[in-house]
Structures are given as C-alpha cells and as structure tokens.
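Quick mapping for you: the protein sequence lines, in order, are chains A and B.
When the first sequence is numbered by numbering that gives the first Met the number 0, its final residue is 459 and no position is left out of the sequence of numbers.
When the second sequence is numbered by numbering that gives the first Met the number 0, its final residue is 459 and no position is left out of the sequence of numbers.
Mixed in with the good hints there might be a few duds.
Where chains are identical, the list cannot tell them apart; a pair therefore holds if satisfied intra-copy or between any two copies.
Below, computed lysine to any residue pairings styled on SDA-like, alpha-carbon distance capped at 25 Å [said to hold, decoys possible]:
| hint | residue 1 | residue 2 |
| --- | --- | --- |
| 1 | Lys73 | Arg232 |
| 2 | Lys380 | Asp407 |
| 3 | Lys154 | Glu45 |
| 4 | Lys106 | Glu59 |
| 5 | Lys106 | Arg245 |
| 6 | Lys96 | Pro120 |
| 7 | Lys70 | Gly233 |
| 8 | Lys106 | Pro120 |
Calculated from the structure, these hints are not laboratory results.
Given next are the chains, with one letter for each unit.
Protein chains: 2
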Amino acid sequence: MKKLFLTAAALPLLALAPADSRPAPDLVERLQKAALKDDVAWDITEGLTTEVGQRLAGTEAEERGRAWAVKKLKSLGFANVRVEPFDMSVWVRGEEKAEILAPFPQKLVITALGNSGSTPPAGITGEIVKFDSVEDLEAASDSAVRGKIVFVTHKMIATQDASGYGQFGAPRRQGPSIASRKGAAAIVIRSIGTDYHRNPHTGVQLFAEGVAPIPAGALSIPDAEQLDRILDRGKPVTMHLTLTPRNIGTRQSGNVIAEIPGRDPKAGVVLVGGHLDSWDLGTGAIDDAAGLAITTAAAKLVGDAGRPLRTIRIVWFGAEEVGLFGGKAYRDRHKDEKHSVVAESDLGADRVWRFKSKVSTAAQPVVDRIAAALAPLGIVKGVTDEADGSDIEVLTAIGFPTMELSQDGTRYFDLHHTPDDTLDKVDLEQLRQNVAAWTTMIAIVANDPVEFGPVPIAGE
Amino acid sequence: MKKLFLTAAALPLLALAPADSRPAPDLVERLQKAALKDDVAWDITEGLTTEVGQRLAGTEAEERGRAWAVKKLKSLGFANVRVEPFDMSVWVRGEEKAEILAPFPQKLVITALGNSGSTPPAGITGEIVKFDSVEDLEAASDSAVRGKIVFVTHKMIATQDASGYGQFGAPRRQGPSIASRKGAAAIVIRSIGTDYHRNPHTGVQLFAEGVAPIPAGALSIPDAEQLDRILDRGKPVTMHLTLTPRNIGTRQSGNVIAEIPGRDPKAGVVLVGGHLDSWDLGTGAIDDAAGLAITTAAAKLVGDAGRPLRTIRIVWFGAEEVGLFGGKAYRDRHKDEKHSVVAESDLGADRVWRFKSKVSTAAQPVVDRIAAALAPLGIVKGVTDEADGSDIEVLTAIGFPTMELSQDGTRYFDLHHTPDDTLDKVDLEQLRQNVAAWTTMIAIVANDPVEFGPVPIAGE
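Input sequences plus hints: build the corresponding full structure.
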C-alpha cells in the first residue's frame, strides 16, 4: 500500500478545484499519507473486540459495547457523543447439537439461525430430505417434506463484490419459512459461506407472517459436505437435532452517535459509520468493529485538519445483524434532517477496491474529483447510479444521497457470522488503506458546497 | 505432479540392477504412472471418514473402524486379514467451557487434553497466571502458581519437516505435570498448532508418576491471543473453567493387519501402514485415514503386479493417539519375527518431499536406487542414519530397519488434532503423489534380496 500515495500524475485533476471551501489538494494528499500510518482504527478494532468481545443485539454485551463506545468517542475528542436508544425483541442462542444416528453415527457441527424456533430440550429425531436450492424445496410436495428435517444446500463461491451472498443466501433467508409452510419438523442448511472450517455461519432469518417458527440451523461447510456424502450412499439418513434458542422479550439497544460540528449548520450532515452489534459466535472484528474503526479514524483525521463546512456525524448503529433495527430507528428519528451524503463500512477490513455513488447530477464533478483522489490507493471508479450500505439502506431508500467504498469481499464470507470473526483476521495495512480511502472521501464531501441531492431516479 | 514421471535420465541407475528378483526398471515406472492415477487411496480416505467418522481409541467408534477396515481390506484382495486385539484404559471427553469473568466477560473456545483431570460439573474459578514457556513455569515459585489456573503459551511456527512440534509441544506434554506439582488448580495452554481458527488442538499428555491429574485444556490460537491481550491490560484476569472428561475403564482396541504373502517366507516382512484411531474432534482424515490409504493403495499396486519376494504386511494400528498402544502391542507380539523394513505414513496427505532411511550398510546401494526412482516425483534424498514413524517408533528403537517418506508438514499443524481434520483438507493430486512414492519404495524393498539389517549404531 505504501506505493499508492497520491502521485504527481493525479494532482492536476484536484488542482482544477476552485479556491473556495473545498479542501486544498495538498490537504487531501497529506491526509492520505497520515491515514496510511493511522493507529486509531487498529486501536478501536483491537479495543472493542478485546474489552467487550461479542456484542449480540439487545443483550448486556451490546450495552457494554455502547458504554465502551461513548467513552472511546469522547476520548477521541468528538462532540455531541450520545446514545439514541430504542427497544427491540431479543433472541438468544441455546444448546446446539446435531448428530447422525443412522446409517453412520457421528456428530455434526451446527449453529442456530437467528429467530430459529426451538426443539424440546431432548431434541427431535427425523429423516433428512435434501434439496439443492430453495426453488427445489418450493417445488416439492408437502408430503415429501412433512415431519422431516429439510436439508438445503447451495454452491456459493467467493466473489470480490460480495454478490454471491444475495443469491446464495436464499436457503437461510427463505428456506425456514418454506420448510415450515410445508410441515417440516426442522431445517438445516449448508452455511452461507465460502470456507472449509468447522465453524458454522449464523445469520438472521425472519419467519414470514403467519408461519410457525421451526428449528433452523446451519451446518459448517465441511459438515454439510459430510452430510452430502452420507446421503449419496442412498440409505435413509436419520438426524437427532437439538436447538434450544429462545426469545427473552423486549430489551434496549441503541445507536451511538458522535459529531464534528460543521461551520454551516444548514449545509447538511455527512453521515459515516458501521454497526456496533455483532453476532455472538465471534468477537465481531470484521463484522463490524473494523467498519466503525475505519470511518471513525477517517472522520477524526478530517476533523483534526480543521473544522469542516458540514457536520460529520459518526453513527455506530445498534442491532444491525438481527434486522437493521438501528438503521430504522435512525431513519425514524432523523429522516427530516438534511443529509448531504450517507455512507457505511460493513464488509470487513480488507482493502477498498471500488468507489460507487448515487448523488445529484450537479455533484458529478465532485464524484469525479473523489474518484481521482482515490485512484492512487488502487481504487476504481464504479457506477454513479447505485451505492449501498447495510444500516443506511433504509436512508438510501428514502432518497438520501449515498456513497460506497466497496471493500474486497473475497475472503469476507470465509469468516462472516462465524466464531472465526476475530481480530487476527484484520490486516493492519489493508485497514489503513481503508482509512485513507474514507479520509479522502470525507474530506472532499464535508467541505465541498455542492448539493449532493436530489438523487436522480433511475431511468430518468 | 503429472510432469514428474520417471524420466529417461533416471533410468540408467535402475538399469544397473542385476536381473534377479529385483523389479525391472520399467515395472517401477509403470507402477508410478498407475499410482499417479490411483483412486484406491481416495476411496479409503473418503470411505473411512464418511462411514465411520471420528475413531477415538478404545471406543465403539474405533471398533466400527476395525470392522470397516477388515471388510475393506478383504474387498481389496489382501490375504490374512485379521484383528490383533489388545486392552487399554479409555479416556473420553466431557463438557468443555472456558469463560473470562473479569475484567472483560467473554467465552473462550477450549478443548480438554488427553488424560485431563476433571473439574466439578459446575466448573472452577481461578485467577490466570501466564508463562511464556514450560521453562518459565518450571522456574516459578509454587506460591506463584498454587490454586491458580496456569496459562502457558509458545511461539510455534509452521515448518516443512514438522520439527516445530517436538520443541513447541512442551506446554502440552510437560505443562500439566509441572503445573500440578506446583499446586495449580488447572492448566490451559495455547493450542499446539499453527492456524488461526477457533478450533482448539487436543492431544495426549500423560501425568508423570505420582502427579495428581488436574484439568488441562487447550485454547484455540485466536482465543489464546485474546487471553494474551486481556492479560496485557494488567488487571487480574479470572476464568471460569469447566472440563469434565472421565476414564471409562478398560476397553478393547486392536491392530488390523492384512498381507500380500511373499515368495520367500524367510526373506522378512516389509511392514507399511498408519493408524486407524483418530482424535474425536474431526474425522481423522489427515490423521491418519490418509496414511492408511496411501500405504494400502501402494501395497495393492505392488501386489497386483505380481507376487513379491517378501511378504508385504499392512498394519492399521489402533490407539496411536493416546499413547502408541497399537505399536507397542505389535512389538510385543511380533518382535522376534524378521522385518526387512518398517515404514509408516502419519503426517497428513500433502506431498512427500524427502526420503530418509536407517538400514544396513550393505543395503545402501538399494537406498540409492530408491532415491533415484523417487527423484522424478520431486523427492530429495535425506539422511541415511535416521528415519521415523509414530507407531513404528518402538520397532525402530529395537533395531528394525526403517524407511521414511517425509510428507510436507507445512500445513499439517493447522489441522492436527482439531475439528478441522476433515476430508476436504485432502488434495487428491498430492495424495496420489504419496501413493506413487510408496509404490516405488515398496516395489523395490519387497523384491530386492539385500539384507536391510542389521542397522549400524550411530557413530560406528
């Protein structure tokens, strides 16, 4: 990454910027250089994962996470540090066991999917019926499924842009509801992931309206392939399954917010952040301590360089994993406030490879300027009619201008939602490249007076 | 591997062999080519790990493994297929939990080491006292350790020749006894391994004579490093530890034996094999289904080419992991029988990179011939005064001529004794290269009339 500093060749584009409140090109260059030596992002990632660990939404662990966040954000010098609480229904994991009883007795590694129903404490026993996709499951007769333990597999392969997750995540998202409607006793899926470790991938699923919850679990990928091989022998396969999660009722979660107040309160807020909660199996290092850390470190670097035109608002969203509750709570509370740009980091800690945006036509020159300033970091300019983020999805949906710094997702789904999401997976140099990319984008967006909205509607 | 067929350049050495019972050079070449397309080794590895799974020594799972083995070895056409049973004391895993209570509450992933003592069912709570090595632990005063939970770490790094395992395995092998002698309540070690997954490495340890068993567990490496970071904060660290393994008394294990009878019963046995038992966390694919599979497939290829001069004996040793009980039982039963060469495959399924031997001076020309025949497979000639194997260690120790085909151990200790030791870790092409190497060695050794013993004593 050290070879990627802003080069002389990239400077002329920046030099075209008028001498108004836009940041001087040399400022962006200096900030990038500083970001590539940043220690704040590592400090946040290391601290949060070590001193709090997992932060399941709505639990006391997430609450400890908020307390840690408030203290850390204050110590970093941010203004208006606060928690905006909201209530939510909380699901917690219980016992988790899967065992093949016949024809080849052996234990398999499983974890419950979010909102899974519960077996009795002693578990249930059922015959496995396998489907290669949710489409095959949907096409099956109820009688082929009724009373059985449905097994749904898939062929997800790693992709740089993380696009496999949408398509191949269907067994987790739709599988449990379809299986329940057809009368299945339970469902187990091949983990939605791309690794070969005995660490299953949990993740949220929501039973469709009126559908009775059934036990729903994910086998690790080696275990799912073991089950494939056992089924391939052609004999009936019986599984004993114990999953005893439960809903513990309404608890409090919250968004933690910090600001760098801008010179012009009417110029609109630049919102950056990630999510504070994590799944409970790992320590939430790549998902999403790193995202909080990158955006916070970048905002601090920009703020330390001088008061920006616009207010930079850092949001550490609560309860993302279990249903984007933090994003929705933020939207409900702040939807009438002017937001110039919203952007979130939530795809791990590997390098940014692409810059996407969805802002006004008038702001396209600024988009070009950001793209040019990012190029020395090895970042390509992507589309200008689509940008995304997890918690901010509900803000993008109501027309908030959005930017996205896409991280390399190639190894993200090796780790995503597993016990393996731990600090050792974070590469310091790639983390710093992220900070440099975000510093660049925030420095320009927070200081350029252009109107980033309204966002043109696709096809116009 | 396909480029590594025996080349014309290597043939002259083989061509020097007199036209007696030694295999013709073109036979070795043909066998190597066939081995590089072998499916028998994969079939054994896949079958045993799928249809039996884990095979903890002395349990009914290992017994199912023996039944599977007898059936498979008979179906492959071997003669004298039999089980040679022996009794052993059996230790089985119980509940396994480790949790930091203060200063940063969180769960850690742990597994019990073999022969670990047990905590009460509700666990124990103790303060952690950390040592960087067993030497540091040994040097500590009893009062620094008494009543505490000892944590011993190490700096094991992957090596191709697996030499790190000896030195860095000390925390597992000696740590528990030293900690117990000093009055520790329990010991937890950094797993003896080289990966970064939340899969702890179990393994045997034997409490020294007169030392009271204490609970002894291994944290996964990410968890051990998490504990390091927590301790680095300088506050007292309290752990709640629950490990409830138990000894279930005397059970039967056994060695499974199969033969290709030689033309000359007095020519001495060529013993090849691996171990049938595995640790209970994975399915024992690389440790050691692959070793059984490689040596058996190779012996079959040699036998299918014509009756050899010497008897080839395949041994699938029982109860290796927990104390080399199978090797010792074999020694006690067969020590007076003439063995020409003994050799074992037990370092995974990655390629053979080196050939070592410890045989008579008279047999050195044959060693050279084997080395020349192995060279086209990318295998280097190693020392001729040392060779090793796990179960056969007790045979080498009493002077049996020994050969070793060293496998690449670079990634072996990423997987060794963990839940991750599963079939997906076996690479078919590397497995076949192993079969080709063993076929080469067995074909020459089983047919050359040279006397491989007596083995010269080192320094003579």
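Against the structure, the hints:
1. Taking the shortest Cα distances, Lys73 and Arg232 sit within 25 Å of each other only across copies (20 Å), while inside one copy they are farther apart (61 Å).
2. Only within a single protomer do Lys380 and Asp407 lie at most 25 Å apart by alpha-carbon distance; the minimum there is 14 Å, versus 43 Å between protomers.
3. Proximity of Lys154 and Glu45 under a CA criterion of 25 Å is satisfied inter-copy only: 21 Å between copies versus 34 Å inside one chain copy.
4. Taking the closest pair of Cα atoms, Lys106 and Glu59 come within 25 Å of each other only across two copies (14 Å); inside a single copy the shortest separation is 32 Å, beyond that limit.
5. For the homomeric pair Lys106 and Arg245, the shortest alpha-carbon distances inside one copy (23 Å) and between copies (19 Å) are both at most 25 Å.
6. Taking the shortest alpha-carbon separations for Lys96 and Pro120, both the intra-copy value of 11 Å and the inter-copy value of 19 Å come in at or below 25 Å.
7. Taking CA atoms no more than 25 Å apart as the test, Lys70 paired with Gly233 passes between copies only; the shortest distance there is 19 Å, against 59 Å inside one copy.
8. Taking the shortest alpha-carbon separations for Lys106 and Pro120, both the intra-copy value of 17 Å and the inter-copy value of 22 Å come in at or below 25 Å.
The earlier numbered hints are all upheld by this structure, with none contradicted.
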